[in-house]
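The whole structure should be built from the sequences, with the hints applied where relevant.
As you go down the protein sequences, you meet chains L, H, C and R in turn.
Residue numbering for the first sequence follows my numbering, starting at 1 and increasing by one per position.
Residue numbering for the second sequence follows my numbering, starting at 310 and increasing by one per position.
Residue numbering for the third sequence follows my numbering, starting at 676 and increasing by one per position.
Residue numbering for the fourth sequence follows my numbering, starting at 979 and increasing by one per position.
In case anyone wonders, no lab produced these hints; they're calculated from the structure.
Don't be surprised by glycine CBs; every beta carbon is placed ideally from N, CA and C.
Among these hints, one or two may not hold up.
To be verified - Keeping only pairs whose Cα atoms sit at most 30 Å apart, straight-line, the calculated DSSO-like set for lysine-lysine is:
| id | chain 1 | residue 1 | chain 2 | residue 2 |
| --- | --- | --- | --- | --- |
| 1 | C | Lys886 | H | Lys441 |
| 2 | C | Lys886 | C | Lys794 |
| 3 | H | Lys412 | C | Lys822 |
| 4 | R | Lys1162 | R | Lys1291 |
| 5 | H | Lys321 | H | Lys588 |
| 6 | R | Lys1383 | R | Lys1218 |
| 7 | C | Lys822 | R | Lys1383 |
| 8 | L | Lys65 | R | Lys1291 |
| 9 | L | Lys197 | C | Lys867 |
| 10 | C | Lys867 | L | Lys27 |
| 11 | R | Lys1315 | R | Lys1043 |
| 12 | L | Lys27 | H | Lys462 |
| 13 | R | Lys1231 | R | Lys1115 |
| 14 | R | Lys1347 | R | Lys1162 |
| 15 | L | Lys27 | H | Lys410 |
As the list claims (entries may be wrong) - Ranges of calculated distance between the beta carbons of each label pair, as one might list FRET restraints:
| id | chain 1 | residue 1 | chain 2 | residue 2 | range |
| --- | --- | --- | --- | --- | --- |
| 16 | L | Gln79 | C | Glu754 | 46 to 52 Å |
| 17 | L | Leu155 | R | Asp1163 | 56 to 62 Å |
| 18 | H | Lys569 | L | Ala206 | 46 to 52 Å |
| 19 | L | Val47 | R | Gly1104 | 53 to 59 Å |
| 20 | L | Val54 | C | Ile777 | 31 to 37 Å |
| 21 | H | Arg438 | C | Ile777 | 29 to 35 Å |
| 22 | L | Arg119 | H | Leu411 | 49 to 55 Å |
As the list claims (entries may be wrong) - From the structure, some residues in chain C lie toward chain H, with a derived Cβ separation under 7 Å:
| id | residue |
| --- | --- |
| 23 | Glu734 |
| 24 | Met793 |
| 25 | Gly797 |
| 26 | Ala799 |
| 27 | Val827 |
| 28 | Glu868 |
| 29 | Ala872 |
| 30 | Ile875 |
| 31 | Asp876 |
| 32 | Ala878 |
| 33 | Met881 |
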Amino acid sequence: MADIAAPTATAAAGNRRSSLHKLVQRKSTIAFLMALPLILLIAILIVYPAGYAVYLAMLSKSMTKFVGLGTFEFILKRQVFWDVVYQSCLFAISAVIFKAIIGFIVAHLVHNIPLKGQRKWRGMLLVPWVIPPAMSTLAWLWLFDPSYSAFNWILAHFGIGAIPWTGEAGWARFCVILVNIWAGAPFFMIMYLAALKSVPEQLHEAAAIDGASWLQRIWYVNLPMMRNIIAITALFSLIVTFANFDIVRVLTAGGPLNATHIFGTWSFKVGIESGDIPQGAAVSLFMAPILAIAAAFILRDISRRGSEV
Amino acid sequence: MAQVTLRKVVKKYDEVMAVRGVDLDIADKEFIVLVGPSGCGKSTTLRMIAGLEEISGGDIAIGGDVVNDVPPKDRDIAMVFQNYALYPHMNVYENMSFGLKLKRTPRNEIEQRVKQAAQILDITELLDRKPKQLSGGQRQRVAMGRAIVRDPKVFLFDEPLSNLDAKLRVQMRTEIKKVHQKVRTTTVYVTHDQVEAMTLADRVVVMNAGLIEQVGSPNDLYHLPATKFVAGFIGSPAMNFIPCQLEQAAGALRIRLNDKLSMPVPASRTKRYASFAGKPDLVLGLRPEHISETRPHAEPDQHDFDMPIEVVEPMGMETLVYFTVNNTEICGRVNPDAGSAAGQAMKLRADLSKMHLIDNSTGKVL
Amino acid sequence: MANAAIATGAPSRPVKYRSMSHNRRWAMRWSYFFLILFVVFFLTPPLYMLITSLKSSSEISAATNPWWVYKPTLSNYEELLGQNQYLIFFRNSALVSVCVVIITMVISVTAAFALARMKFWGSATLATGVFLTYLVPDTLLFIPLFKMFAFVRDTTGIELMNHWWTLIIIYPTLTVPFCTWIMIGYFASIPKELDEAALIDGASWMQTLTKIFIPVAIPGIIAATIFAFTVSWAQFLYPLAFTTSTDQLVLPVGIVTTLIKGDVFNWGQIMTGALLGAAPPLIIYAFLMDYYIAGLTAGATKG
Amino acid sequence: MGFKKVSRRRFVGGTAALSSAMVAAPFVRGAYAAGKISVGFWDHWVPNANGATEKLIKEWGEKEKVEVQIDFITSQGNKLLLTTAAEAQAKSGHDILAMNTFLPARYADQLVPLNAEMEKLIADNGKVNETVEYLGKIGGKWLVIPATVGSQIKGPCSRIDYMKEYAKIDVQKMYPAGAEPQDKDWTLDTFMKAAEACHKGGHPFGIGLGTTSDCVDTIGAVFHAFGAVMVNAKGEIVVKNDQVRQALDFYKKLIAFLPEDVPAWDDASNNKFLVSGQASMIMNPPSAWAVAKRDAPKVAEQLWTHPFPAGPKGRFAPFLPFFWGIWNFSKNVPAAKSLLMYLSQASSVEKMVVASGGYDLPSFENLTKFKIWAEAEPPKGTLFSYPDPYHTQILSIAAAPAPHKIAEQIYNLGLQTQMAVRYFKGEALEKTLDWAANELEGYMRN
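Put into structure tokens, the structure is as follows:
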């Protein structure tokens, strides 16, 4: 056999390097081609316009001359901008935390009841996520309406005075966060439920035998097992919440006294409503670094976890 | 002609050498088993033959043609995976016919070949089922069926039995052997289980740390291991390795285990071992079956000695006894009726005619 | 427990232990109790939408009990469904969402397969980076997109402004990254041997994807589909910015811009429109929910 | 928009079936000469008001053999604003677009000058007020033509009964239908007393203090009434002056008599407050009255729209004009100009005013006495004073006479309402002024 193989082998040896290389290359070429639509989509419709936005942010207000970082400098000196930063963080962080907690609790509750009934409950609990937020927020707006508030009507029956839901800074922030939690918690619920279902039952049984209470089982078994999905969902939601536009826009339009303006609405306000497109772009741009820091933390944590397992 | 030839085959992952130069000739119709501990490179070697891994160096030829650059589908091979890798959304028939369909084999031919393979494997009545509805053994058969249907030059098995329970494993082992006898296709079989290797193989290839330790028939490997690794890997319970010295005393060679215990080297070996007298770092290798209870009359090269027994493991047809010499735990196989008991001394007999002397520094059997 | 009783010699059960089934039953009751609380929280606004949609505008203005309909009327529904334009919004939304889902799935499934299984230079970076595209908010992108549309028009003569189908081009930026990520997770959960088996069986990469991976990954694909559909159905800012004519609007924007006029809110009709706008995704969910969970279970949890 | 590039056949076939109005000239060979244009008009909240405009355009289209594509674009959710921004950036879209308040100034570089047209219209229809000139004539050139549709005076809309009961003011007598106003005593002082009385009576005035236009327009008029200027015509920040302090003091006092949540009000809040029967007065064009007429007739019967109270510097009323402008990227400027002239004829204007139920206000002096305002009911004559037939008010816009780019931001960001709320919430007056000065410096950016 060796005698037969050897000549062929030497014959092939000449062009082996290149053809071996070709084979490897062919696979990665195909792979690259398959990923190309994704790459093009990101490059043309996200990266390029984002780069263009950076350029826009460096123009003067009338967009006639290049001012470099002037606009950014200007923004950093504005009190309103820092209010917006504070409010965006407050809004996003508290909303995400509550969404995560509610999602976690509800996912456990649903997981806890017999499989037969889960479908129905899941369906009902998912409704807020399915209704386009621009519309569901209108329902909230109507519920909070100063003249017709259905909540105040109930409160009045308990002898509690009308609450200025969107009229007072504290309440307005509360309302905006509440609506965001309402709209976003079901998504967490469904992601966590999926994660819960992939936690092996034996782990629970083992923990139960080890004497863990239900709370301890959740804490020591479910939480670590769901860690990655919790982190990824939180990151995704943090980004989306931070960049939120619809809810604030419809509910309070940033008021009262700019107390509920966040990045998205504020950049719209200065960029479109007040005709300062470079400033609007610059305000929006500030979102990226803040979120990138959060993303870096969360993603690093995930990859570290991943290598442990 | 479906011989498989490996010449100086090397596989490198970044900095790690998984296979460090393997030379192997596999004859047509031969059943070769690659065996070794996990991480020894046996699976990598198999996957390089299959074309699933690129070859970092050397050549692989199937049927005389170098296939280094040939994609798996053109190598005319079939592979059975450890987890069977059945397509979960296809039924058994579709699973078996998928490869033929891709090759645009005529329909009636596909049907005929699937039926035939199903008959060989006795899975005709399972053809409409989905993999989910099959037991482990049945899945195993389907995976083999999928390989047989393609009528390849070479069968590749990657630990096909390790997901089965002990009983099924034995049963399927025989099944595989039977199938091989029927279809007579060159087979490369990878396992970490030396029993499987011994029972199935025409020749066994023992691999360790990316290199071939020894190639040979099961009997050769058992009786004439070339290295300490092979000696220790083949056979169960494993061979005892006892540190020892070789003494030249009064013209006779003796193996000295400790101050109290020494035994003469069999006459047939004296010449072979003579030059190693006084060499440091020697190890005596003796299989448990060559340490037995003492019997009325001794053959030459059999030596009796007394030992306090520490652990006794009755196995039914035999009993394993464990004791310690030179801080090394040693296992012997005695007759269940020999009256062994833990904590008591026992008279045992070592059959040195079956001994191996190993140079621990090189790992070679001398 | 029985053992404990015997050991202490006491005939009565220690009080602090309750039977397993008893505990279980109470756990269940509490679960249902809290579930009901959450359902009330989650369903109040949609319910209020329904209530309002059944009221006439004079009943709404009368400021009576907001939680009760005294004179239920379907006039809002009749008026809305009788209008041609609502049906046009609906058609546009449906067309946009379906096309976006298809485009999204084609792009993200092939890309996810390449990223999860085939590797090429930079593929690992791309797999992580794809998620980070969400860091770029849409409030930042729409003005540059205006400029790009102008450029496209000037060079090719194709007008992208004020056409509903432009949204089909833009929405994938919102859906593809997350869907790709779900699909990478799902593909990663498929045993590697499966594509090796296909490779040996003679399948090309494309065949492996279409004949093996896609059928096997159906739950993951459905999960991604649902996500993409929901997102594109709900989009607000892009259609607000890119479409103007009534015949080009999609549902959420159509409802907000045609039913709310200046300072005159037509609450009955707005709520009706919102409710009808929410219906299609709700119906889709009802059918595909189980797949969704299954898809996320196998895919997303692999993170 | 696509229709410019799309072939005629496809254009007709593709859009004719759809609701967006598409008016095609009859197929006359050679009729292409006049071409086509597209217009984006403000989407009127009054049912069928769009219809009148549509009909007028159709008449014109038939006469001139021009195909017209009409889009009615709502100002809700800033849709119109966003469309304008989009078209300005993309340099494509409608030929004519409706723009309100400061937009003509913002897009001055991209609009076709219309001096000759405006001169002719002023000659025909009478003078336009200063606010229209301030907003529409940029750098000495008319860039837009005041649109009838959507232009409005946001004067008080009072409850006859509550004003009588609590404030002892008979608004019908003060501003009688069909006769000269008797409004000597209708000053900001009277107004404040009335606000207090009505607040005590449990039916406060509903004046928003958000950042939307209703809120800003009202405070703008009050500022003008005190002569309070924050940035002068030269663009200098002069916010720290006594007139501003007076105006803020006035507002601080007033807010105490308003509902608690007014800082969050938008343009719809005051309407709802009125229609639900809670308000004694709001500052709004007759849209709230029209909704009341439909949904709460009992409330409508008690409503009376009338001029603003006078302040030390005169009787100022907020005027919110809409304009029609022609983009300079329009491919058919002559046709666009012709259409605008047609729509601005007195006969066309009256049709539009009638269709809007009297809501729309022409900007030209001679066009303020159509029958519709005298006849509107209930109660009869409720809208008589709405167009200010006796010209007792100075029509103004908040933030004037500051340079447009600054005024626009004062207006859009609601600087004045923000100041008022800050001051009301207990901030020291000078601190509020410091804050405002700082904000204003930010607006100077260019």
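Assess, step by step, whether the Cα of C:Lys867 is no farther than 30 Å from the Cα of L:Lys27, and give holds or violated. holds (16 Å)
What's the verdict on R:Lys1383 and R:Lys1218, does the C-alpha distance respect the 30 Å limit or exceed it? holds (20 Å)
Interface hint outcome for C:Ala878 [beta carbon to chain H under 7 Å]: For C:Ala878, the interface hint holds, since the closest Cβ of chain H sits about 6 Å away, which is under 7 Å.
Does the Cβ-Cβ separation between H:Lys569 and L:Ala206 fall within 46 to 52 Å? The hint (46 to 52 Å, Cβ to Cβ) holds, given that H:Lys569 and L:Ala206 are roughly 50 Å apart.
Within 30 Å, alpha carbon to alpha carbon, are L:Lys27 and H:Lys410? holds (23 Å)
Please verify whether H:Lys412 and C:Lys822 have alpha carbons no more than 30 Å apart. violated (51 Å)
Given C:Glu868 as an interface hint, is the shortest Cβ-Cβ distance to chain H below 7 Å? holds (4 Å)
May I ask you to test the interface hint for C:Glu734 with respect to chain H, counting a Cβ-Cβ separation under 7 Å as satisfied? Interface hint status for C:Glu734: violated (55 Å vs cutoff 7 Å).
Tell me if the beta carbons of H:Arg438 and C:Ile777 are separated by a distance inside 29 to 35 Å. With Cβ atoms ~33 Å apart, the hint holds.
With 7 Å as the cut and Cβ atoms as the points, is C:Gly797 at the interface with chain H? violated (17 Å)
30 Å limit on alpha-carbon distance, applied to hinted pair L:Lys27 and H:Lys462: holds (25 Å)
Could you tell me whether the CB distance from L:Val54 to C:Ile777 stays inside 31 to 37 Å? With Cβ atoms ~32 Å apart, the hint holds.
When each numbered hint is compared with the structure, violations occur for hints 3, 5, 8, 13, 17, 22, 23, 24, 25, 26, 27, 33.
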